[in-house]
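**Student:** For reference, the chains in residue letters:
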Amino acid sequence: MNKIFALTGVVIKELYRRKDFYVLFVLTAVLTLAAGAVNFFHDEKIVRYVKDICLLLIWISSLVIAIVTTARQIPAEREARTIFPLLAKPVSRGQVIAGKFLGCWLATGMALVVFYFFFAVITGSKEQSWPVLTYFQAAWMQWLLLGIVIALVLLGSIYFAAPSSTSTISFVVVISILLVGSHLHVIALQQPEPMQTVLTFVYYIMPHLEWFYLSDFVVYDFGHVPLLKIIAATLYAAVWTGILLLLAWLGFRRKNLTT
Amino acid sequence: MSAILQTQKLRVEYRTRELRQPVKIALTGLDLEVRAGEVFGFLGPNGAGKTTTMNVLLGFVPPTSGAASLFGIDVRQPIARQRIGYLPEMTYYYKFLSAEELLRFYAKIFGLARAEADRRIDQLLKLVELESARKRPIKSYSKGMQQRVGLAQALLNNPDLLILDEPTSGLDPLGRMKVREIIQRLKNEGKTVFFSSHELGEVETICDRVAIVHQGDLKAVGTVAEISAGHPNLEQAFLKIVGFQSAHAS
Amino acid sequence: MKISPFTVLLTLLALAFTLALGLAQDAAGWSQRGKSGNVLGMMFGDGRKLLANQFFTMADVYFHSGYYPSVFDNKAGQEDEPKAIVAATRGHEGHDHETGDKKCEKCEECGSFLGQPKDWIDAFGRNFKIAQHTHLEHGKEREMLPWLRLAADLDPQKIDTYTVGAFYLRNHLKHVNQAEAFLREGLRNNPDSCEILFELGRLYRESSHDLDRARNVWELGVRKFLARSPAEQKENRLVFEELVVNLGHLEDEAGNYGQAINWFHAAQKVSPNPAVLQKQIDEIQKKLAALLPVGPAKLY
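Residue numbers (this note's numbering), protein chains in the order written: chain W, 7 to 265; chain S, 194 to 443; chain G, 2 to 301.
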């Protein structure tokens, strides 16, 4: 486990030494503060649109951080050839995958904490209320989603050598699932065969990332999701993350790194 | 003396991605044995299979058939690399880390205790004369400094076997001297050194035994004296073995 | 001959400046975007109308606290969803929805776009999205306002934005001055809008209790309506009915019974239910008979 944590530490160091996070955080903060400063009909109590905009920016920023950071891990190690001195040490490829995953996941988790703290301060100062449980649930579910996304990107990065292609494909897949994931069975019914069967099959086997989007509960003050459902969703995310990491390891295990 | 590094009928084939391209055979069935405490030179022209052999030994490339082991452990087991140090031909390290952070990271991979890691890092940074730059990110280092970081990381775990891939290529004369000194010192400490090189003069001076590979096949193995027998020097012997007919020779 | 790079640079700059001077006049006509009065118009060009519609829909999404059908949930006839907030401004809410955890049980269409869960994925997924039909109330209607404000900025010709925004500002948030200013802004952008005049009249009558100003704007609304082409009149009969019926009630309240009866007669010509209006007329005539036994003059 120490080897995995050592790899994790390097990934986290890389994230906070690069400028990506700071740029995205400043952008989110500036846009949120600008949106919050607008006066609509001289009503100071209007707050939901600020929450909505801030959460949307947090979602975009965290996805960008997770996908871009993860997509470059293995390809950059191969391109810069840092993978060779690393694998010449007593570390297995499975440990490399696990370390990279954990590093990216913890790094985005730390970024999420900063983002949500900012969110809580801004909206709390306007609303004078802090529904901590709802915020925690939203952040937790988002972090779980990012775990699946990171595992997916890590898998993609084994097969697509260029970080840009891995990032683009991952963005398309994740955004598509978030937008149409819960409607695919309805879309399937409107399609002729064999597309109907194919889409129905995809609907049942794909990771349902849309479950992890709890922004509406925060924006509309709609309380929180029952704890048991959150636990079930956590298990679902863990299973999917495990599946994707296993596939990534299977791909990486026998990969010839010299070509 | 027991064999520390061993390959048996090692065969490696590369399949190209292009359709209808023939499979490239990098090693045809290499049998190699490096004994404890010796400095072993691994020679061959470009494309002979030296790098492929090293890649198999380090676990970067899986063998198509045959076996390779370090300290009697199959190279596919990560633990086989616990007691080795590896210095690549070029330096490839995380540029956003400082030399100290890089060595600390590798120390954790080797499972060194904190106190032991601190002691080794101080000692090695002193040895490679990077003490004053230990906190600076590697991206700010000159090429020579980066090579020295490479040397430090290769020695971090006090390895019993050092695998060096063209260790002096790209170094200035002072750097070469330093590397030779280190190899000699390791030999004196009873360590085993396995290295590939194109510098035959260098090989001649420091190696106990030499192997020459050509077209994926082992052509000769023995002491420098054995291989050079009947030739003016190792270089002439090497050229004859790999089938090079110079105008002068003919 | 050796030419200095600075000479080339200066020549190019001079050329660019000369071309800019020459083209400035013509270039102004190449795009309508640059002529837009506001920054949003400049940024989005004609696409701003689409964005305005989207923001208007967002207001409705907020009104339902996120419980809203996506394009995949819309069935035939359900596409025009923002009508909920528009209907509410005309007193056609039909039923009360409750906020919080209580489900609306008063009408079947509530929640109908979700229907029964189709499978376990759908059923489980509903735990993580808002699946209860509620409407904003107790002053939380203010949360819709930013989207309406943006919709008005992006498409100043979208009448519903002003009437809906003013309705909630006045009725639910008691910001009468803000409502009036918003309607006045709408009227400046749409001087012939009977709908805005109607809403403005309601504001004067119901919130400011200024019957004279209400009468003036409603009568202006009627004149604007009558100035429209027959086809336009046919299309917007509802607003005319609302104007004349409200004028009838206003005159009744003011004691101008004859005038009130005239307005109700006018309303009967366009109303789908003239019998109801006839009852109103009969009642006013009773009041009139008690005061002054003179028949009302005809409007037309």
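It should be emphasised that the hints constitute simulated quantities derived from the structure, not laboratory data.
Hints may be right or wrong, so weigh each one.
As the list claims (entries may be wrong) - Subject to a maximum C-alpha distance of 27 Å in a straight line, what follows is the list of computed DSSO-like cross-link-like pairs (lysine-lysine):
| no. | chain 1 | residue 1 | chain 2 | residue 2 |
| --- | --- | --- | --- | --- |
| 1 | G | LYS235 | G | LYS280 |
| 2 | W | LYS51 | G | LYS235 |
| 3 | G | LYS288 | W | LYS235 |
| 4 | W | LYS9 | S | LYS319 |
| 5 | W | LYS9 | S | LYS371 |
| 6 | W | LYS19 | S | LYS217 |
| 7 | G | LYS280 | W | LYS51 |
| 8 | W | LYS132 | G | LYS235 |
| 9 | S | LYS288 | W | LYS19 |
| 10 | S | LYS202 | W | LYS19 |
| 11 | S | LYS371 | W | LYS19 |
| 12 | S | LYS332 | W | LYS25 |
| 13 | W | LYS51 | G | LYS141 |
| 14 | S | LYS412 | W | LYS25 |
| 15 | S | LYS371 | S | LYS336 |
| 16 | S | LYS319 | W | LYS25 |
| 17 | W | LYS132 | G | LYS280 |
| 18 | W | LYS19 | S | LYS336 |
Unchecked claim - A few chain S residues that don't get close to chain W, going by computed Cβ distances all over 12 Å:
| no. | residue |
| --- | --- |
| 19 | LYS202 |
| 20 | GLN346 |
| 21 | ILE356 |
| 22 | GLN377 |
| 23 | GLU397 |
| 24 | LYS412 |
| 25 | ALA413 |
From the three backbone atoms N, C-alpha and C, an ideal C-beta is built for every residue, glycine too.
**Student:** Next step is simple, just say for each hint if it's right about the structure.
**Tutor:** Status of each hint after checking the structure:
1. LYS235(G) x LYS280(G): Holds - the C-alpha atoms of LYS280(G) and LYS235(G) are around 25 Å apart, at most 27 Å.
2. LYS51(W) x LYS235(G): 42 Å, violated
3. LYS288(G) x LYS235(W): At roughly 66 Å apart (the allowed maximum being 27 Å), LYS235(W) and LYS288(G) break the hint.
4. LYS9(W) x LYS319(S): Holds - the C-alpha atoms of LYS319(S) and LYS9(W) are around 26 Å apart, at most 27 Å.
5. LYS9(W) x LYS371(S): 31 Å, violated
6. LYS19(W) x LYS217(S): 40 Å, violated
7. LYS280(G) x LYS51(W): Roughly 46 Å separates the two Cα atoms, so the pair is violated.
8. LYS132(W) x LYS235(G): 48 Å, violated
9. LYS288(S) x LYS19(W): 11 Å, holds
10. LYS202(S) x LYS19(W): 43 Å, violated
11. LYS371(S) x LYS19(W): 32 Å, violated
12. LYS332(S) x LYS25(W): At roughly 16 Å apart (the allowed maximum being 27 Å), LYS25(W) and LYS332(S) satisfy the hint.
13. LYS51(W) x LYS141(G): Holds: LYS51(W) and LYS141(G) sit about 9 Å apart, inside 27 Å.
14. LYS412(S) x LYS25(W): 53 Å, violated
15. LYS371(S) x LYS336(S): 15 Å, holds
16. LYS319(S) x LYS25(W): This hinted pair is violated, its Cα atoms lying about 33 Å apart.
17. LYS132(W) x LYS280(G): 52 Å, violated
18. LYS19(W) x LYS336(S): Status holds; Cα separation ~23 Å.
19. LYS202: The claim holds: LYS202(S) sits with its nearest Cβ about 20 Å from chain W, beyond 12 Å.
20. GLN346: Given that some Cβ of chain W is not farther than 12 Å from that of GLN346(S), nearest at about 6 Å, it is violated.
21. ILE356: 8 Å, violated
22. GLN377: Nearest chain W Cβ is 23 Å from GLN377(S), so the label holds.
23. GLU397: 27 Å, holds
24. LYS412: Fine: 23 Å to the nearest Cβ keeps LYS412(S) off the interface.
25. ALA413: 26 Å, holds
Consistency note: the structure conflicts with the earlier hints numbered 2, 3, 5, 6, 7, 8, 10, 11, 14, 16, 17, 20, 21.
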